[in-house]
Structures are given as structure tokens and as C-alpha cells.
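Take the sequences, apply the hints, and build the full model.
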Amino acid sequence: MAFLVVFGVHALDFYGSVPNFVKASRGGVLLDIKPAFAEADLYARLERYGEEGRKIYSFRNVSVDAVLPLSLLPFLFLFMREALKVLHLGRLPATVFLSVPIAYVVFDFAENAAVLGLLARFPDRVHFLAAVLPYLTVVKRTASIMALLIPFVVLTFAFVRRRLRRVA
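Sequential numbering of the sequence shown, starting at 1, is according to my numbering.
The set of hints was computed from the structure by calculation and includes no laboratory data. Check before you lean on any hint, since a few could be wrong.
[Claimed, not checked] Simulated DEER-style distance windows between Cβ atoms: (1) A168 <-> M1: 18 to 24 Å; (2) A40 <-> L116: 19 to 25 Å; (3) A113 <-> F37: 15 to 21 Å; (4) D124 <-> F14: 28 to 34 Å.
[As the list claims (entries may be wrong)] Only pairs whose alpha carbons sit at most 25 Å apart, straight line, appear in this in silico DSS-like list of lysine-lysine: (5) K34 <-> K23; (6) K55 <-> K23; (7) K55 <-> K34.
Virtual Cβ for every residue (Gly too), placed ideally from N, Cα, C.
Right, here's the structure in full:
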């Protein structure tokens, strides 16, 4: 299900999808795809999106971009949990690792809230949100990558170790 949601949001053209936003914003790039670290760059992009692009961006943050991380969370959490079984970790280390997919969702929602705040006040500037948004994006993206990479590496390591034991 998570794969279908990710595919649909990025490949299909419906109100609030990435292709729909790109078309409506005349080629705009979402702030959560490519962060703007300079406030002037951020507001220049918001301006270039146009009224329709900003309207779709707001809609997608409360709809599509809320469904996306929530659909990924069960997969990422269960993937991590199953991979950690191989390591036989104690409760604290396991909890730390299991918090990575949750951190991804929390930071995604924080990022969405910051974008919504910027869009709601546009063209007025909200300096704090403009300053914090790119860092929320970086932490979110890092957590999402780690939520996939950690279990993949653990399971790959376990697979190789089992193969080597069979050979020995």
C-alpha cells in the first residue's frame, strides 16, 4: 500500500499530486524536495509558484502530504522491527532504532505545518518558519533514509553472515 501511495503522489496527475503542483506552479519545486536555506530564495520560490500553485501546495500539505507519511509509517516501523530481531538488542537500543520511522513522520508533519504557516501569511514574512523549514526538511529526509537503510543493512548483514556460515 505504501508503494502505491508514493507512486500515485509522485507519478499521477490529480489535485494535490506532485505533477499537478508542478504544472500549476509553472515548474515549481516543492520546498520539501529542495530546501531553500536563504529566506530570500524561499520567498522568491513562493512568489514564482503563483496563486494557484500556493493554493495547491496548501491543499497537498493537509491532504496528500499527510496521507503519504502515515501510509509509510507502518511499513517502515515493521521493517525496522523485523530487522532488529536479527540483532537481539536490548529494549533501549531497540526503542532508539524503532523511533527513527516515527521521527520521520513527526518531522514531516512539522515541515508541513511550517510550510502551511508560510503560505497562510504570504506575502508577509515569517522569519522563524523560513529559518527553521530547511532544517526540518533535512532531518525528515535523513530520518526517512535511515528508516530504510538501517533495516536493509541489518538484513543484508544477516543474510551474508548466514551464507558464510553455510560455506564454512
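Going down the list of hints, with the structure as the test:
| no. | hint | result |
| --- | --- | --- |
| 1 | A168 <-> M1: 18 to 24 Å | violated, 40 Å |
| 2 | A40 <-> L116: 19 to 25 Å | holds, 21 Å |
| 3 | A113 <-> F37: 15 to 21 Å | holds, 19 Å |
| 4 | D124 <-> F14: 28 to 34 Å | holds, 31 Å |
| 5 | K34 <-> K23 | holds, 17 Å |
| 6 | K55 <-> K23 | holds, 13 Å |
| 7 | K55 <-> K34 | holds, 19 Å |
Hint violations for this structure: number 1 only, all remaining hints satisfied.
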